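J.: Please build the complete structure, drawing on both the sequences and the hints.
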Amino acid sequence: MSTADIYKELILDYYRNPRNFGTLQTFDIEAHDTNPLCGDEVDIQIKVGEGHKIEDIRFSGKGCAISQASASMLTELAKGKPLEWVKELSKEDIFKLLGTSDLGPSRVKCALLGMKVLKTGVYGYLGSGAEGTEPAGPS
Amino acid sequence: MSTADIYKELILDYYRNPRNFGTLQTFDIEAHDTNPLCGDEVDIQIKVGEGHKIEDIRFSGKGCAISQASASMLTELAKGKPLEWVKELSKEDIFKLLGTSDLGPSRVKCALLGMKVLKTGVYGYLGSGAEGTEPAGPS
Amino acid sequence: MIDALSDYYSRYNSNVHRSVHTLGEEATAAYEASREKVARFVGTKAQNLVFVRGTTEATNLVRFAWGHRSVHKGDLLVTTLMEHHSNIVPWQLLAQATGARLEFVGLTQDGKLDAAKLEALLGQSPKLVAVAHSSNVLGTVNDVADICAKARRAGATTVVDGAQAVPHMPVDVESMGADFYAFSGHKMLGPTGIGGLVGKKEVLEEMEPFHGGGEMIKEVFLDHSTWNDVPYKFEAGTVNIADAIGLGAAVDYLSELGMDRVRRHDVAILKYAIETLQRVKGFRFYGPADPAARAGVLSFNLADIHPHDLATILDEEGIAIRSGHHCAQPLMKWLDIPAASRASFYLYNSPEDVDALKAGLERANEVFKV
Amino acid sequence: MIDALSDYYSRYNSNVHRSVHTLGEEATAAYEASREKVARFVGTKAQNLVFVRGTTEATNLVRFAWGHRSVHKGDLLVTTLMEHHSNIVPWQLLAQATGARLEFVGLTQDGKLDAAKLEALLGQSPKLVAVAHSSNVLGTVNDVADICAKARRAGATTVVDGAQAVPHMPVDVESMGADFYAFSGHKMLGPTGIGGLVGKKEVLEEMEPFHGGGEMIKEVFLDHSTWNDVPYKFEAGTVNIADAIGLGAAVDYLSELGMDRVRRHDVAILKYAIETLQRVKGFRFYGPADPAARAGVLSFNLADIHPHDLATILDEEGIAIRSGHHCAQPLMKWLDIPAASRASFYLYNSPEDVDALKAGLERANEVFKV
Ligand SMILES: Cc1ncc(COP(=O)(O)O)c(C=O)c1O
Ligand SMILES: Cc1ncc(COP(=O)(O)O)c(C=O)c1O
Chain A
200 MSTADIYKEL ILDYYRNPRN FGTLQTFDIE AHDTNPLCGD EVDIQIKVGE GHKIEDIRFS
260 GKGCAISQAS ASMLTELAKG KPLEWVKELS KEDIFKLLGT SDLGPSRVKC ALLGMKVLKT
320 GVYGYLGSGA EGTEPAGPS
Chain B
200 MSTADIYKEL ILDYYRNPRN FGTLQTFDIE AHDTNPLCGD EVDIQIKVGE GHKIEDIRFS
260 GKGCAISQAS ASMLTELAKG KPLEWVKELS KEDIFKLLGT SDLGPSRVKC ALLGMKVLKT
320 GVYGYLGSGA EGTEPAGPS
Chain C
165 MIDALSDYYS RYNSNVHRSV HTLGEEATAA YEASREKVAR FVGTKAQNLV FVRGTTEATN
225 LVRFAWGHRS VHKGDLLVTT LMEHHSNIVP WQLLAQATGA RLEFVGLTQD GKLDAAKLEA
285 LLGQSPKLVA VAHSSNVLGT VNDVADICAK ARRAGATTVV DGAQAVPHMP VDVESMGADF
345 YAFSGHKMLG PTGIGGLVGK KEVLEEMEPF HGGGEMIKEV FLDHSTWNDV PYKFEAGTVN
405 IADAIGLGAA VDYLSELGMD RVRRHDVAIL KYAIETLQRV KGFRFYGPAD PAARAGVLSF
465 NLADIHPHDL ATILDEEGIA IRSGHHCAQP LMKWLDIPAA SRASFYLYNS PEDVDALKAG
525 LERANEVFKV
Chain D
165 MIDALSDYYS RYNSNVHRSV HTLGEEATAA YEASREKVAR FVGTKAQNLV FVRGTTEATN
225 LVRFAWGHRS VHKGDLLVTT LMEHHSNIVP WQLLAQATGA RLEFVGLTQD GKLDAAKLEA
285 LLGQSPKLVA VAHSSNVLGT VNDVADICAK ARRAGATTVV DGAQAVPHMP VDVESMGADF
345 YAFSGHKMLG PTGIGGLVGK KEVLEEMEPF HGGGEMIKEV FLDHSTWNDV PYKFEAGTVN
405 IADAIGLGAA VDYLSELGMD RVRRHDVAIL KYAIETLQRV KGFRFYGPAD PAARAGVLSF
465 NLADIHPHDL ATILDEEGIA IRSGHHCAQP LMKWLDIPAA SRASFYLYNS PEDVDALKAG
525 LERANEVFKV
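Residue numbers (our numbering), protein chains in the order written: chain A, 200 to 338; chain B, 200 to 338; chain C, 165 to 534; chain D, 165 to 534.
Think of the hints as simulated: they come from the structure by calculation, not from any bench. These figures come from a predicted structure and were not determined experimentally. Wrong hints could be hidden among the right ones.
What the hints assert, rightly or not - Simulated pairs of lysine to aspartate or glutamate, EDC-like, Cα-Cα distance not exceeding 16 Å:
{"no.": "1", "chain 1": "B", "residue 1": "K261", "chain 2": "D", "residue 2": "D500"}
{"no.": "2", "chain 1": "C", "residue 1": "K533", "chain 2": "A", "residue 2": "E208"}
{"no.": "3", "chain 1": "C", "residue 1": "K497", "chain 2": "D", "residue 2": "D387"}
{"no.": "4", "chain 1": "B", "residue 1": "K278", "chain 2": "B", "residue 2": "D292"}
{"no.": "5", "chain 1": "B", "residue 1": "K261", "chain 2": "D", "residue 2": "D468"}
{"no.": "6", "chain 1": "D", "residue 1": "K533", "chain 2": "B", "residue 2": "D204"}
{"no.": "7", "chain 1": "D", "residue 1": "K533", "chain 2": "B", "residue 2": "E208"}
{"no.": "8", "chain 1": "D", "residue 1": "K382", "chain 2": "A", "residue 2": "E240"}
{"no.": "9", "chain 1": "C", "residue 1": "K533", "chain 2": "A", "residue 2": "D204"}
{"no.": "10", "chain 1": "B", "residue 1": "K207", "chain 2": "D", "residue 2": "E530"}
{"no.": "11", "chain 1": "C", "residue 1": "K533", "chain 2": "A", "residue 2": "E240"}
{"no.": "12", "chain 1": "C", "residue 1": "K497", "chain 2": "A", "residue 2": "E240"}
{"no.": "13", "chain 1": "A", "residue 1": "K261", "chain 2": "D", "residue 2": "E530"}
{"no.": "14", "chain 1": "A", "residue 1": "K261", "chain 2": "C", "residue 2": "D500"}
{"no.": "15", "chain 1": "C", "residue 1": "K382", "chain 2": "B", "residue 2": "E240"}
{"no.": "16", "chain 1": "B", "residue 1": "K261", "chain 2": "C", "residue 2": "E383"}
{"no.": "17", "chain 1": "D", "residue 1": "K435", "chain 2": "D", "residue 2": "E516"}
{"no.": "18", "chain 1": "C", "residue 1": "K497", "chain 2": "D", "residue 2": "E383"}
T.: This is how it looks when you write it as structure tokens:
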């Protein structure tokens, strides 16, 4: 696959028109992280509803198309899911969202930043720590 | 020349039976230095006599045959000379005393340690600092 | 340089300074010969050059070995907004440890130091003025001789970060008058893991040692130790012998080319790059417009394409650029950008490389539908 | 190892961690793969291994980044009389800076640690116990697992100097239980300029950073900065990429040989050397008589011949030995000798080398008319 193919219509669209972008008035979970390599930032807020479900979710941040699009796609996928579902989430799920896994080691970190933030927030809320997530790796 | 030739009768003799070894009861000049590489130490004391002459001189120290023998030979040569003579002293003079200049860079420092101490002491006494001596070099 | 390295390892791999045997003497001689060469290359004497890992270790050495003794509560430390983190964070940490305060000289619109702000800070008698000879983002070449002279009159010690200058122009630390001058080998065709800190002799002699250990001592007693002469006082333990020798080889190569020629080539290619790339839609660059006021690097952004994405696209075209904050986050904030792309030009770059970069940028514009 | 170095420079010379382009990714991958390998080799996880220049930088890193925060006036620091200067001078300097006091564990006649003195000092609840895994002069192998366990019970943090152990025997830092473990690449067939500091994760995380600069930060603001995760927090600036990769290659080689085999060879040759050389007139050696209680080195003196002179004579016979104080002046004073000669044995040494050394010593006796 050509590298430029990564930037398919889909990702470009989410980069220029991010869904669920912004902040919530009230929320139960908030988490933030940065990727020191490129300065990518993602912030996620969640309103927890009935039965520990993700009632509403917003992200904000800045960074490359891959980090911002994947965070945006992830919020769409997460909405309505039970919090426990977040524990099952793996990097393969993110690659499926993006339509590619062929990113190279440092771009993978961009792609997974949103998931890392989501897990940090939800694990913290569930009171179990975020040890299970991918280590942050070097900057 | 074979390296072992450095250890000619002469040097061995001065190493095992150093001349002018010891300390003076009264002295006008004293100086000390070490060669950090091998731990060689030389200490020189001088009694200054009439007309700024080196009336008496003693050295003490410990270290390799080359450093101790050359210090001992140097004291013999210096005795009776005017202090100013020390300024003229060069490494070639020491090589002449030892009968060789074929020492290799780190052994040269052993050979010149006595001269360095003598110059430091005399220059200090003459109030002119010892800037003119060879730099100490790495340990 | 690679030859110098493998020659070292296969022929005379042995510890410097410590051994009487022949291998040891050859390694010592080669290491010290390299010190001579590198010192001459930057316009100082061998005894004023401390081998370190790179610029970062150099500034941190100054922080610990000079700063902890010389800086006190309430003192003013001055750095600038165009510095690399290695010329900011050590002074933040020094300020925190001592109770000193750290102030930044700001920038003019075209990416030069704000002379009025510098004057004002100098008026407050700072203890330290830390400044880049050339910025690794803006490319700006600062008049460090003038800054050092003014700082000296104000009673300040100067630290000049030469990491981006030494590779690109003739440098003469003695005539510049800096108290400390730092640089990295890997930016000047040398190996990673080696660099230099030049210090004025009297300043180096007054300083505390840095690392404690072998080679930097004269004598170790149970309750105290005495220190070796400079520069050895600052080179504790087994030094990076092979890479120091490798740096000497790199300096030989650059000296042969002639740094005046290297500088002329640098300005010419920067001029061509600025002219050429400005024709690409959405291209914005940072720092002085005049190529003669710059060195080595050209940082830019393209439309709304994140530099990280841009680098990925250019990589496919075989063009290697650096993207990110370039270890200069305060400058990024001042420029109000999250990151930038940076093309680094050096003696092996030709106008064709600039043309290829232009084509790559145009391709990126296509991918991103700019 | 040489191949790994020149491969690095000619193929993927590029800065780790910072670049998105392919060269950068390959260098990062190779650097981190080397961290994995080296960490596994000494029995720890990659994230607990900080790359440093060598043992000296490792102990000084602990001094600055752990010591300045954790050691206070009146605290007791403990080291031993058999240490290399790099495991003494940093603690002297730390004691001076903080007002702590430094005490030494003495030695028994056969060159082992004085267990009673160690117990007595542990009874005073020291903050730090610093000890060599194996002495570079006496060869003594200390029971560091036992010392670490006792020190931990006494509330002390442990620093084990593994410079002479890692090359000669299997090492497993986690089961040993040391808080910090330091070693040097150049002693284990690796390049100069690289080494490792292993730290317990929780200890590393609590520590201050060491050098301030690029890579070790997460974010830099004008008034403060936030730190990157361990081990990157301690690796500021451009790291010694090529040599870290070179060390990985050396570790591959040693792992393939098998450290158990290396250790068996070591003990066998030490046994042969002690038996053989004792027959030379005037030969005296230092440290345990039992080869199984030693590693790697055999230090000795010959009649009244100064070690420096002896090295010169042996050099002519093509025999390289080290002579001097071996960066262990306190030990030299305890042995009451100005210096010693030292034969270092490693996997490439055979009984024939011992025989050649014996002949060399006999020749020296002739020259000196012993
Ligand atoms: C026991 C011991 N500790 C520490 C060191 C210091 O290591 P380095 O010089 O690589 O910092 C050495 C070697 O020189 C050593 O043998
Ligand atoms: C201007 C400037 N200063 C300092 C540094 C830091 O140098 P190093 O990473 O070799 O310590 C760099 C390069 O990274 C630089 O460009």
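J.: If a hint holds in the structure, say so; if it doesn't, say that too.
T.: Quick rundown of the hints versus the structure:
1. B:K261 <-> D:D500: 13 Å, holds
2. C:K533 <-> A:E208: 10 Å, holds
3. C:K497 <-> D:D387: 13 Å, holds
4. B:K278 <-> B:D292: 15 Å, holds
5. B:K261 <-> D:D468: 12 Å, holds
6. D:K533 <-> B:D204: 13 Å, holds
7. D:K533 <-> B:E208: 10 Å, holds
8. D:K382 <-> A:E240: With a Cα-Cα distance of about 12 Å, the restraint between K382 (chain D) and E240 (chain A) holds, given a limit of 16 Å.
9. C:K533 <-> A:D204: 13 Å, holds
10. B:K207 <-> D:E530: Roughly 12 Å separates the two Cα atoms, so the pair holds.
11. C:K533 <-> A:E240: Roughly 24 Å between the alpha carbons, so the hint for K533 (chain C) and E240 (chain A) is violated.
12. C:K497 <-> A:E240: 14 Å, holds
13. A:K261 <-> D:E530: Given pair K261 (chain A), E530 (chain D) is violated - Cα atoms ~79 Å apart, limit 16 Å.
14. A:K261 <-> C:D500: Holds: K261 (chain A) and D500 (chain C) sit about 12 Å apart, inside 16 Å.
15. C:K382 <-> B:E240: Since the Cα atoms of K382 (chain C) and E240 (chain B) sit roughly 12 Å apart, the hinted pair holds (cutoff 16 Å).
16. B:K261 <-> C:E383: Holds, at about 15 Å.
17. D:K435 <-> D:E516: At roughly 14 Å apart (the allowed maximum being 16 Å), E516 (chain D) and K435 (chain D) satisfy the hint.
18. C:K497 <-> D:E383: Holds, at about 11 Å.
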